[in-house]
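Protein chains in written order, with the numbering used here: chain A, 593 to 1009; chain B, 593 to 1009.
What the hints contain is simulated information worked out from the structure, not anything from laboratory work. Hints may be right or wrong, so weigh each one.
Identical copies look the same in the list; a pair holds intra-copy or inter-copy alike.
As the list claims (entries may be wrong) - Below are the DMTMM-like pairs computed for lysine to aspartate or glutamate, each with C-alpha atoms no more than 20 Å apart in a straight line:
| hint | residue 1 | residue 2 |
| --- | --- | --- |
| 1 | K881 | E977 |
| 2 | K965 | D848 |
| 3 | K918 | E978 |
| 4 | K997 | D891 |
| 5 | K997 | E882 |
| 6 | K993 | D848 |
| 7 | K653 | E882 |
| 8 | K918 | E861 |
| 9 | K880 | E977 |
| 10 | K970 | E861 |
| 11 | K880 | E978 |
| 12 | K840 | D623 |
| 13 | K965 | E861 |
| 14 | K737 | E836 |
| 15 | K965 | E708 |
| 16 | K594 | D727 |
| 17 | K778 | E672 |
| 18 | K715 | E978 |
2 protein chains.
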Amino acid sequence: MKITGIVTEYNPFHNGHLYHLQETRRLTGADYVVVVMSGNFIQRGGPAFIDKYSRTRMALKAGADLVLELPVRYATSSAENFAKGSVAILNNLGNVSSLCFGSETGALDKLNKVAEFIVSDDKQYHQLIAESVKDGFSYPVARKKALLTCLGQSDDIPLNTMLEQPNNILGIEYLKALKIFNSTIKPFTMKRIANHYHDAELLQDMQETSINSATAIRQEYFKTETLYKLKTSLPGFVYEILSESEGKTYPVHEQDFSQMLYYKLRMLETSQLIEFLDVSEDLARGIKKELVNYQNYTDFAFCLKSKRYTLTRIYRTFMHILLGIKQNQFNPSDSRAFSPYLRVLGLKKSSSAILKEAKSSNFPIITKMADAKKILSKEAYSLLEEDIFASDIYNQVVYSKFNTKLPNEFLQSPVIL
Amino acid sequence: MKITGIVTEYNPFHNGHLYHLQETRRLTGADYVVVVMSGNFIQRGGPAFIDKYSRTRMALKAGADLVLELPVRYATSSAENFAKGSVAILNNLGNVSSLCFGSETGALDKLNKVAEFIVSDDKQYHQLIAESVKDGFSYPVARKKALLTCLGQSDDIPLNTMLEQPNNILGIEYLKALKIFNSTIKPFTMKRIANHYHDAELLQDMQETSINSATAIRQEYFKTETLYKLKTSLPGFVYEILSESEGKTYPVHEQDFSQMLYYKLRMLETSQLIEFLDVSEDLARGIKKELVNYQNYTDFAFCLKSKRYTLTRIYRTFMHILLGIKQNQFNPSDSRAFSPYLRVLGLKKSSSAILKEAKSSNFPIITKMADAKKILSKEAYSLLEEDIFASDIYNQVVYSKFNTKLPNEFLQSPVIL
């Protein structure tokens, strides 16, 4: 069997995702598509618009065969760790032959050239980044400057534009991760169509269907608090799931976590804040200094934003602090150690062969949470516990906001279609 | 000068409080009345209806001369510690000659007889309490049973009724504390009029003025969300302050702390929960076991209620966990060590002589928070820090609920009238 992996957030699932899924199957000739998906918290450092099991259902209805959860530690992390976590999972499944991701450039060779350079561990490159960060630039800006200096600008690889596009950056990280983990998975990329990830405006072309970014879709929803205008951007089955759940389990917004975040920030000292992933000492000091002006999650992130710290970086550190995700010096180049289990969120009955084959590799697969403690090492279980905690916090917000009690991770079974 | 102390919550200030203040002055012949008042959290284990500085303003307008804060550790504690903390403060002021409290019986000698017996440290009494608690009775019930056995029931002291009335119980604790601290302060008690502390129904007698309990007043407000029906229960100046602040700084309700509480309870293990004041091991285990059913602050307290643990006891433990108030083995019989500073919330200009005289005793008086660290021992400052933390949490809830930013403890000066 030929299995292709993709990495997603589906927050929420839209027409662009459907196109990606279908094109992936066509491009790579896959019999099965395995989806690695963020759980209840996402990479820009906030909660998912709708819970992970609803999004799993969307993915399966769209044609995905198996949905695996990207641990919250990686799902809310930098592009590098997000990609490493995802690629590690696909690699550990043991039977995935391709990975297909969207990118603005659509040219694999160009992205690969950058990835190869970074993995080559060039001394000047690291030095240039360190200098820029010291000068107060954010890490993404510092990296771009260093790459431009080391690789130069050419018509062949228009680096300047390329490195400003988030899906290219993420693509480079997937390619790096494949190299670092010595993976045999073959990468594919497809050119993203319609508007960009960062575009927040909904394109209203009044066509039968349109492709809009998840960001635009979420923002439109929060503006109008109605699904009506989103209908042309969403597949019918997604529209149906969202219609059924509206005001019952979603929308969940970062602002819903405002008081918990304040409470945690107020409770801890600077020296304790820096124990969390991505929290630098000067960011921790800034947090404690500005805390007197805290009103809510979003405003406080804006209050801390600077040349050095992008809004997304701040949101992510908030999430790590809130969810108790601490620094982990352990950053192995072995994919099995990096993501030491597979957590199944859902699968198609017709695709159970994927898991059957994978099980023969003796890699831990979690379908029932009650078994996890028995089959995982202490270290691996502590990674899983971060997701259990994150889901409890997320579900509590849903319960208090909508009076809907979502089953916890021990009571919820994988979604099976 | 003749100074009398009283102990209050003023949550909110009502006609009964005004009567108590005026009668105190008359009964004890006081030139000045000093009020020891709970801050932003109160003895039944919830937040105050309206913030402490507004309540201080009410007290001063009503005729109080000086308002001192009861540290949150004591303010949210059992009747015993509530009374000890309050009496310690009055004792430490150095120039207070009387303490006047309301009680259902109105008979000082009867309350004193019980207080004297408890302070005598009777062996059988302690043994009886321990046995009842072991049998699953709550501490208040166990204590009542033990006292009835040891002191017997007589027409002279109708213990059975007396010990069911909360102001009698608190009165006994004031008397105990005066004895324990070897205080020269002379106790007075006055019979409470109108409805009882626990009465939750508003008495609507359509009189010009009426006396209702603070509980009844708060519950009526939460039911109707309007001040109109409370007008006859409140002095005019209180009604004015409440009218000005309505929907700007109050009402604050325990439910507003629901998510913070869940977050803290979910974050900690049983072994960490028992570090907090009043959290027994089986209560901590119960909390962790039932947490899966947590919806909000109030419902979760009901969920944990049992023969052994009264609702108030559970609310208090919630508050101690939320506010980070840990067990403190140190429980000195020296009032200076028990409440090692005086914190001024407000005073009348015409009464500054009280503080001037008190300062001569060299006991730390905090009027400006910025000075506190300099003049207090590390231990004393850590007691004060509990109040700073509690106020920050309270103010954050006000900010997020009403968009009103209350000044923090370093920016707020005492209320001066």
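- Query: Looking back at the hints listed earlier, which ones does the structure fail to meet?
  - Reply: Violated hints: 2, 7, 12, 14, 15, 16, 18; rest satisfied.
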